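If you're matching them up, the sequences are chains A and B in order. Following my numbering, the numbering of the first sequence begins with 1 at its first residue and continues without gaps. Following my numbering, the numbering of the second sequence begins with 1 at its first residue and continues without gaps.
Check before you lean on any hint, since a few could be wrong.
What the hints assert, rightly or not - Calculated cross-link-like contacts (lysine-lysine; reagent style DSS-like; alpha-carbon spacing at most 30 Å):
| # | chain 1 | residue 1 | chain 2 | residue 2 |
| --- | --- | --- | --- | --- |
| 1 | A | 146 | B | 144 |
| 2 | B | 260 | A | 139 |
| 3 | A | 139 | B | 220 |
| 4 | B | 144 | A | 388 |
| 5 | B | 220 | A | 143 |
| 6 | A | 143 | B | 58 |
| 7 | B | 114 | A | 184 |
| 8 | A | 146 | B | 282 |
| 9 | B | 144 | A | 363 |
| 10 | A | 139 | B | 223 |
| 11 | B | 260 | A | 363 |
| 12 | A | 146 | B | 43 |
| 13 | B | 220 | A | 146 |
| 14 | A | 313 | B | 260 |
Bear in mind the hints are in silico, worked out from the structure with no lab data behind them. Predicted model only: the values in this text are computed from it and were never measured.
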Amino acid sequence: MNIHEYQAKQIFQKYGVPTPKGIIAHSVEEAVENAKELGGPIWVVKAQIHAGGRGLGGGVKLAKSLDEVRELADEILGMTLVTHQTGPEGKLVQKVYIEDGADIKDELYLSVVLDRAAEMPIIMASTEGGMDIETVAEKTPEKIIKVAVDPAFGFQGYHGRELVFGLGITDKAEQKKMIDFAKKLYTLYMENDAEMIEINPLIKTGSGDFLALDGKMGFDDSALGRHPDIEAMRDITEEDPDEREAAQYGLSYIALDGEIGCMVNGAGLAMGTMDTINYMGGTPANFLDVGGTANAETVAKGFEIILKNPNVKAIFVNIFGGIVRCDRIANGILEATKLVDVNVPVIVRLDGTNAQEAAEILKNANIDNVIAATDLGDGAAKAVAAAKQA
Amino acid sequence: MSILINKDTKVIVQGFTGGEGTFHAEQCMAYGTNIVGGVTPGKGGQEHLGKPVFNTVKEAVQATGATVSMVFVPPAFVGDAVMEAAAAGIELAVIITEGAPVRDMQAAKACAVKNGMMTIGPNCPGIITADECKIGIMPGSIFKKGNVGLISKSGTLTYEGANQVCNEGYGITTAVGIGGDPIIGLSYKQLLQMFQDDPETEAIVMIGEIGGDLEIQAAKFIKENITKPVVAFIAGQSAPKGKRMGHAGAIISGSAGTAKEKMDALREAGVEVVVSPAEIGKAVKKVLS
Chain A
1 MNIHEYQAKQ IFQKYGVPTP KGIIAHSVEE AVENAKELGG PIWVVKAQIH
51 AGGRGLGGGV KLAKSLDEVR ELADEILGMT LVTHQTGPEG KLVQKVYIED
101 GADIKDELYL SVVLDRAAEM PIIMASTEGG MDIETVAEKT PEKIIKVAVD
151 PAFGFQGYHG RELVFGLGIT DKAEQKKMID FAKKLYTLYM ENDAEMIEIN
201 PLIKTGSGDF LALDGKMGFD DSALGRHPDI EAMRDITEED PDEREAAQYG
251 LSYIALDGEI GCMVNGAGLA MGTMDTINYM GGTPANFLDV GGTANAETVA
301 KGFEIILKNP NVKAIFVNIF GGIVRCDRIA NGILEATKLV DVNVPVIVRL
351 DGTNAQEAAE ILKNANIDNV IAATDLGDGA AKAVAAAKQA
Chain B
1 MSILINKDTK VIVQGFTGGE GTFHAEQCMA YGTNIVGGVT PGKGGQEHLG
51 KPVFNTVKEA VQATGATVSM VFVPPAFVGD AVMEAAAAGI ELAVIITEGA
101 PVRDMQAAKA CAVKNGMMTI GPNCPGIITA DECKIGIMPG SIFKKGNVGL
151 ISKSGTLTYE GANQVCNEGY GITTAVGIGG DPIIGLSYKQ LLQMFQDDPE
201 TEAIVMIGEI GGDLEIQAAK FIKENITKPV VAFIAGQSAP KGKRMGHAGA
251 IISGSAGTAK EKMDALREAG VEVVVSPAEI GKAVKKVLS
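Pulled out of the complex, with its shape left as it was, chain A reads as follows (with noise of 0.2 Å):
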């Protein structure tokens, strides 16, 4: 799960993380009563979107004046917000956040997440702050500082010194204060069960403080059960619906643009068979897994959010029982003709736990357009058939 930018600084400062003083604002007025309360004399109104990219996309923008807040919030709320990480169709602004304007001497840049290869958290640093970081280490590697924190014995004084000499910080008190910005940031990383944590840029100011000029939190899922808090943070504004409607019923779906659905269970056979349908001249119109504890239910909603989409032309159910009993499925798909106007052909494989049974229930059914394949290739041959016809 992701969080705003808002958010994230709200947790940074609840563990002594320096940012910029600022306040969420959900209208105009409200925007210009959090700068009035900040007092100025320089603004940032800023564009609160889970993607990065928002400054060149136009959602970040310096106010000098009270009116300027007023106009800029007016602009930028509202606005359908397009950058290089929310696809062309944008992202609506609903938030916008207001801060304290700040005196940037350096932009520098500041990231923990799992390392799996060495599997314990990783710190980056880099001075190149401000930039892509992507684009940092495809171009100049040497300038990303790498420090690996093992948990069982946590953040020690060698990884801030790794990290500070490494950044060139030679002033004794920015050197300190950098180490305690660093051992915070992974203190709040495993206490919250964070997946990820981004600070671009991390700034140094005149005086000589670092500050956290953007945040981007990303938590592990599996752990919100753990951090109520955190959990209370999700902005369900920000999720595709249709994913969200299929992940209460135990589905996992993303939506992509071609023209065969696909039921299947298993996240890794789900890729094959868009795989196998792609390499045999079709194009999927979905991910979707059905989970390992499908059932009549949950296959019939499956039917119904694949078929929201009108690009599909056909649907490939193909499905390997092993805790999923075969059997379940087919009853699914009945169900799921009934209640759902499934008006496109079915291409259904069903083997494994209980695919005899299966076979015989949808045999007996004889419904139209449901037609039964003999396994994966056949399937996947039969669907792209099927959608080129139709």
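For chain A, the structure is supplied; the task is to place chain B on it using the hints.
Okay, now just chain B, sitting in the frame of chain A:
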């Protein structure tokens, strides 16, 4: 022969009396797995599925001599359960549970390594040595005995791959689902070496997916150490780019973990790489004939 487990392996089940634990322990026993007991705190002294229940793994190991544990406890307790197994001298923990917090698995894995315990999973279908021992949730009937070893991140692709291998007239020595979580136990490298050393395994099927760089590491390892033919499929060639806020995770290894990159690396290592999982069986036939 096989790797890691066989008909003599003594297995306990952690989370024995729960719904999932009960159902799958029963299925494993029906397959022939030598389940010698289970652990459910507070139910020690009872009998379940005709086997003794213990309060702690330590007691279970002392009483039964078990060396392998199949872990079915709920996600929030997985870290604790794995550490308990490691401390009790279990040699291999097979962690089936899905949804364990990453931080817990990080600690559990470090603890397992320190105690010399191997782990498989979490969030995996488990491990099966055909016709001898099944520790997991896979449908046992599709795994016919043969000469192909299988390693997969994905559960259902394990079944798909094994089924195709068997339909081509070959069979499986051992199949291992390693799971696709950020922190996992045994990975391609260790398992590839075990299959290389297993005299009955003549070919290896390796199924990977997008994300991380385990497959890239495996490709390097194959090039240098594996002489048996390897067939590979990488799922997710057509997957959209992750809808994440940032991409900080991908740059650590200097790679984005795309399917193409992994497939290229494996091809370069001499692996028979298939573009569709529907081709796994045929590719195995090709490398074995």
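Quick rundown of the hints versus the structure:
1. A/146 with B/144: Cα-Cα ~47 Å, so violated.
2. B/260 with A/139: With a Cα-Cα distance of about 21 Å, the restraint between residue 260 of chain B and residue 139 of chain A holds, given a limit of 30 Å.
3. A/139 with B/220: Satisfied, since the Cα-Cα distance of roughly 24 Å is no more than 30 Å.
4. B/144 with A/388: violated (38 Å)
5. B/220 with A/143: holds (27 Å)
6. A/143 with B/58: violated (49 Å)
7. B/114 with A/184: holds (28 Å)
8. A/146 with B/282: violated (44 Å)
9. B/144 with A/363: Roughly 28 Å separates the two Cα atoms, so the pair holds.
10. A/139 with B/223: Holds: residue 139 of chain A and residue 223 of chain B sit about 29 Å apart, inside 30 Å.
11. B/260 with A/363: The given pair, whose Cα atoms are some 40 Å apart, is violated under the 30 Å limit.
12. A/146 with B/43: violated (47 Å)
13. B/220 with A/146: Since the Cα atoms of residue 220 of chain B and residue 146 of chain A sit roughly 24 Å apart, the hinted pair holds (cutoff 30 Å).
14. A/313 with B/260: The hint holds at about 28 Å.
Hint compliance for this structure: hints 1, 4, 6, 8, 11, 12 are broken, all remaining hints hold.
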